[in-house]
Amino acid sequence: MTSILSGIAASNGIAIAKAYRLEHPELNAEKKTVTDTEKEIARLETALKQSKTELQAIKKRTAEQMSDEQAAIFEAHLLVLNDPELIGPIKDKIQSDQVNAEFALDETASTFVTMFEAMDNAYMKERAADIRDVTTRVLSHLLGVTIPNPSLVTEEVVVIADDLTPSDTVQLNPEFVKGFVTDIGGRTSHSAILARTLEIPAVTGAKTALADIANGVMVIVDGLNGEVIIDPDAETITRYETKKADFAEQRAEWAQLVNEPSVTADGHHVELAANIGNPSDVTGVLDNGGEGIGLYRTEFLYMGRDSFPTEDEQTEAYASVLKQMDGKPTVVRTLDIGGDKELSYLEMPKELNPFLGVRAIRLAFEREDLFRTQLRALLRASVHGNLKIMFPMIATLDEFRKAKALFEEERANLTAEGIEVKADIEVGIMVEIPSTAVMADTFAKEVDFFSIGTNDLIQYTLAADRMNERVSYLYQPYNPAVLRLVRNVIDAAHKEGKWAGMCGEMAGDEIAAPVLLGLGLDEFSMSASSILKIRSLLKDLSKADMEQHTETILNLATADEVEAYVKKLLGQ
Amino acid sequence: MVEKQYKIAGEEGLHARPASVLVGAASSFQSDVSLQHKEKKVNLKSILGVMSLGIKSGETVTISADGADEQEAIDRIDEVVKSEGIGTE
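Residue numbers (the working numbering), protein chains in the order written: chain A, 1 to 572; chain B, 1 to 89.
Just chain B, with the same shape it has in the complex (with noise of 0.2 Å):
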């Protein structure tokens, strides 16, 4: 298992837009990938799971990968969050 945590930098959250970013990356891997809010933890592949967090900005969030392609799915994960300025370390 792979992990990262993240504090999120959009003004609105992780809304619809940059959730959509996070979750289409995360889709794309085979290992179960899982985002991490306070106590609460969802599958990083349903767009629903992450949006009914309603994670604001600043906020602090794990998310960690696990299975045969855990390294290449939490990169790509991470430079999704860099690029599109979801969050930063």
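For reference, chain A alone in the conformation it holds in the complex (with noise of 0.2 Å):
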């Protein structure tokens, strides 16, 4: 009987293939007294040389069938084998307490585990599976218990697994294996970052795929929604045949455009950007062909520390962006902190609402030591690129002019100093209050450049916090209200010859983007993976036909006639 479950699409694409678990042995290191400890040690001595052994063929199986890249976490993992503050205590342990290596490995490796896990810092929390994989390795050996060996694959399958360490990864065959599915992990577990590298659909945290599945059952990996289908019927398996050769064939569509320029039907260009929050986010931008950055969310550099990034700090965050982007326009956002981004150890006065309280520019303003260091850190780092600046949260024209006019003062100060700074550098602001909306010709007159960041005006043109679920009915992108607004700013823009981009979740969104063509946006700046995307839909739109729509679609009564009017046009 067909059954289903649900998890994080963890990697895009859908497989289809007989179940193959990959179930580790329950590893019981339990504790023995002992009375020879130095035979114990050898006993550990012989396990951890074993490991290294079969370490040494898996890595060097790897970078032959993968690459180097994937092969270096063996190369931590050897190291972690011949690491002198896990061994150490292991075999001291062993000595003064005269436990079995077993229990002493046990106890000291989980020690380290619970260190790593408690960090802040996603990726250093990730590498606690790392040492519970060594740990799991050297044990099995000890206890003379035999773990999965994938590499012995010769079937196509979809691997079932309590979770995928580093040495089942990479031990899995492309060739057999075409899909993962993970009781537990998110998107940024070890098993969701490979199965994207390798291009393999994966859904993790399913929960009870292991209790679920039986070895040899057919099974649908749908990585696109999450879902895993359990001994599909005939009729299901041939719908899901569909649907993976058609993503399949868009995916070969999509990966031709990434070189390629974002033009409509009838010629025109138009720049598809990406949203960012740190330096190695570039990465993915460049992959997925990002013309541009179109929001830098620097209040990154900010957050996970206990302290303000200094001048040097900042200066070399910005220009490892820039010079990655090279020469490729990126916008840089000031730092916008408050609202529902906090730092613990910037102590701010508790506001009963936050989103209309101290915060962004305002912050800037009260906190101006902290706005000129980012600022002197921008116009250091603006040699190396295209860097345009945008101002967060502006509501008046004389905050707009405040700003612009510390930044100069910063520009003459580093340049009294002899420092070098780009000479022509566009400062604009993010339209994310009405008040800036409405008087977008005004603001056009002196600003070089408009971002319309919609999920705050969205909020505030609309009065419901977007965050509180019980009003998110009133979170409506395709309002005709907002609509207006952002074609008063698009206008406004052009009339002073000037651009207009958005940064906010709109410009990636498949019914919005078509009207934006049609009020005449120039930069949709979105998560990066949402690009390609676009850049497909606008190709086979016309944006004088989308004009031709525009004062139909801004004269609706609805959000939800606008959708139904837009799906209309585009054959939904």
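Since the hints were made in silico from the structure, they are not lab data.
Note that beta-carbon positions come from the ideal geometry of N, C-alpha and C, so glycine has one too.
Any given hint could turn out to be false.
30 Å max Cα-Cα, derived DSBU-like pairs, lysine-lysine [said to hold, decoys possible]:
(1) A:Lys-49 - A:Lys-18
(2) B:Lys-41 - B:Lys-82
(3) A:Lys-52 - B:Lys-41
(4) A:Lys-207 - A:Lys-18
(5) B:Lys-41 - A:Lys-93
(6) B:Lys-4 - B:Lys-41
(7) B:Lys-40 - A:Lys-91
(8) B:Lys-7 - A:Lys-125
(9) A:Lys-125 - B:Lys-82
(10) A:Lys-60 - A:Lys-18
(11) B:Lys-7 - A:Lys-49
Sample of chain A residues at the chain B side, in silico, Cβ under 10 Å [unchecked claim]:
(12) Ile-41
(13) Ala-72
(14) Pro-84
(15) Leu-86
(16) Ser-280
(17) Thr-315
Can you join these two chains into the complex? Each is in its own frame, and there are hints to help.
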């Protein structure tokens, strides 16, 4: 009988194959008293040696079949096996407590696992899996138990596991392993990252996959929707075969678009850019054909630490992004802290409504020292690429003028200090408060560009906190009131020879994008993973045609009417 | 004892791969080799110790070697830090 499990869509795609259970035996590190501690230490050393031999073989095979980068995981594992801070304490424990090697190993390794799991940094949290993996291997040798050898698989399978350790994952031959399902894990777990690298569909966090799925049963892994269909009937298999073929076709089409410009059917160019939070996100931007960065959220530099980043630290981060972007436009947003983003070390008074309180540019003025440090760092980094700067949450022209004056002052200071800065840096504003959208014609005379932050613009225009589920029905991206404000901003920009971009989620939305095209939006900035989808959508649309529909759309009465109208246009 | 100071250059900080390279280099010498970051000091021959520091891009570390082959150790580590783009002086 068919059943369905829900989980996290960790890696896109659809796989249809028999289940292969990758089940790790329960390795019981039972505590035992030993009298001959020297002999016990020798047992440990033998197990360590056997584990090293295995890891070296796996590392070699991985480098041959996959990549040096993936094999590097096992270099780290080999170093863990040789780690004096791990091996030393295990031997000490055997000697001083007169316990068996298994128990000493398990106890000592658990201390490290706990330490890494407690770290704030997501990357470091995931390193706990590496330690567990190494521990399991050594323990299996001590206990004389064989752990799974996925490399022996010689037919097409979907792997079912509690979690995939790095050793498991890289032994999986993509020729035979068509998908993964794991009971635990999220989108940033080791197996999810490698599944995406190998382009194998994966669902993580399925909870009961190992309990529910027997070896050899037919399984469908829907990595697009995070679903696992167990023992599907013939009709279901046919339906998913079609979905699989459609996805493969779409992926092939999108792959061809990575290096294409973003052009509509009638030859109009737009810029498809990406939103990032860290310098390490730039790789994803470029891999997905991003033509720029429309929003670099600099608050990520301030989070996950206990003190403000220095001018040098900031300069380094901004320069890194600019260099990677190699001349492509890069819009950096100055610090936007407050609202839903807080810093533990910045002591701010409690506010009844932080979304309407001291945050973003208001905080920058209150803490001018922080703002000046950031401006100096941006100016120093500017020589490394195509930098543009924008100020968040501007409500009045006075605020923009004040921020711009501080920028010019710091530019003059750096020049006087003999530090080189780029000559012409565009300075613009986020449009997220309705007052700037209403007064866009006035702002357009002074700013170099607008970037419409629709997430906030929508919540302020419709007076609904987007984090409050009880009023989520009011968070309406397609509401004509929002669209009219957007048009006002774009028209005002163009009238003054300026450009208008958008960095809210609307920019990457398939219903909104055609409307925005018709309104004349110049730059669409979104999650990097949405760029190819929108590029594909826009290349089949005519800007002139969409312009013809603009007046009708903006005079519809409700968001639902807008959505229905656009869907009809797109033939949905 | 010999020591040297560096600013970490990689975008992701001193994560598994550069940490592995550093630990590998340090482990081939007899001297005690340590890495200091802020107030914490760890054994540079310990991959777990180094990674537990969570060192980010742009942060400063001090590497010191103490023992019979301390100069060779520091020279080799310096070579690796530069050739692998791990950090700058």
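Checked hints:
1. A:Lys-49 - A:Lys-18: violated, 36 Å
2. B:Lys-41 - B:Lys-82: The given pair, whose Cα atoms are some 22 Å apart, holds under the 30 Å limit.
3. A:Lys-52 - B:Lys-41: holds, 28 Å
4. A:Lys-207 - A:Lys-18: Roughly 19 Å between the alpha carbons, so the hint for Lys-207 (chain A) and Lys-18 (chain A) holds.
5. B:Lys-41 - A:Lys-93: Holds: Lys-41 (chain B) and Lys-93 (chain A) sit about 23 Å apart, inside 30 Å.
6. B:Lys-4 - B:Lys-41: holds, 14 Å
7. B:Lys-40 - A:Lys-91: holds, 25 Å
8. B:Lys-7 - A:Lys-125: With a Cα-Cα distance of about 24 Å, the restraint between Lys-7 (chain B) and Lys-125 (chain A) holds, given a limit of 30 Å.
9. A:Lys-125 - B:Lys-82: holds, 28 Å
10. A:Lys-60 - A:Lys-18: holds, 29 Å
11. B:Lys-7 - A:Lys-49: violated, 36 Å
12. Ile-41: Constraint on Ile-41 (chain A) not satisfied, violated at 19 Å.
13. Ala-72: holds, 5 Å
14. Pro-84: Interface hint status for Pro-84 (chain A): holds (6 Å vs cutoff 10 Å).
15. Leu-86: holds, 6 Å
16. Ser-280: holds, 5 Å
17. Thr-315: holds, 9 Å
Comparing the model with each numbered hint stated earlier shows that hints 1, 11 and 12 do not hold.
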